[in-house]
Amino acid sequence: MNNTQSDNNLFYFNRLTYITPHEVALAMNGFDYDTENDELTDIQLKEVIRLRKAITRNLQLINEYKNISATQKVEANLVLTAAYIFQREDIVPPEIKERIENALQQQVKNKDWGDILMMLGGSELYEVGKKLRSNGRGQYRKDDEDNYSCKLIYLLIELLKKHGKGNYSDNSVIYNDIVSFCNENEILLKGLKKATFYKKIKLGKDIIKYGE
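The end of the sequence shown is residue 272 by this note's numbering, with every number in the run present.
Hints are supplied without guarantee of correctness; some may be wrong.
25 Å max Cα-Cα, derived DSS-like pairs, lysine-lysine [what the hints assert, rightly or not]:
| # | residue 1 | residue 2 |
| --- | --- | --- |
| 1 | K222 | K253 |
| 2 | K253 | K265 |
| 3 | K126 | K191 |
| 4 | K253 | K221 |
| 5 | K265 | K254 |
| 6 | K157 | K190 |
| 7 | K254 | K222 |
| 8 | K225 | K262 |
| 9 | K221 | K254 |
| 10 | K222 | K259 |
| 11 | K225 | K254 |
| 12 | K221 | K260 |
| 13 | K169 | K222 |
| 14 | K191 | K171 |
| 15 | K157 | K191 |
| 16 | K133 | K113 |
| 17 | K225 | K265 |
| 18 | K260 | K250 |
| 19 | K126 | K106 |
| 20 | K157 | K106 |
| 21 | K171 | K190 |
| 22 | K225 | K260 |
| 23 | K262 | K221 |
| 24 | K254 | K269 |
| 25 | K190 | K169 |
| 26 | K191 | K169 |
| 27 | K262 | K250 |
| 28 | K221 | K265 |
| 29 | K169 | K157 |
| 30 | K222 | K265 |
| 31 | K157 | K133 |
It is worth saying that the hints were derived from the structure and are not from the lab.
Bear in mind that the values here come from a model prediction, so they are computed numbers and not experimental data.
Start from the sequences, fold in the hints, and give me the full structure.
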């Protein structure tokens, strides 16, 4: 198969919203998702069938899909999540691994993510999902901290304007005094460029304005 054909098949596979366990098993084994059975050798087909059975059995643990077959279409992220624990480092193409990883990341955003992952992959998959959620919340916390820092900067600026020197009504005067203070005390100005200073003040003002 030429690279253009391979890229085309990946293009379509990555954009399917509903797929079958059989199609996922084909893709995980390095074949195009729409490959016909008679295009595979007996050994290749046997491995595809073994993998699709495993994926299907995990899906069947969800009551809604208890009668699902390997050739029935199911919401893509759900099938790919069910396939997560069956990935083999030496076989699954990197692009398919990425698609499966993205599916799991979407799955852990659901309210009942824990129950779903336990059914689709047991404690192994649950722990992976738990770590993903933890890392995600860590990023949210970092974003919150950055926002709160801007909020604090804005409030301190407003406080200085109200109770500081008479000419502190101008932000540029406050900034110049900050620079002077840093220079006098040999404090690095990293992260305190004028554009950054004004940007954080504006962001802090907007955060307060819109109630965050």
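Hint check against the structure, violated hint numbers in rising order: 3, 13
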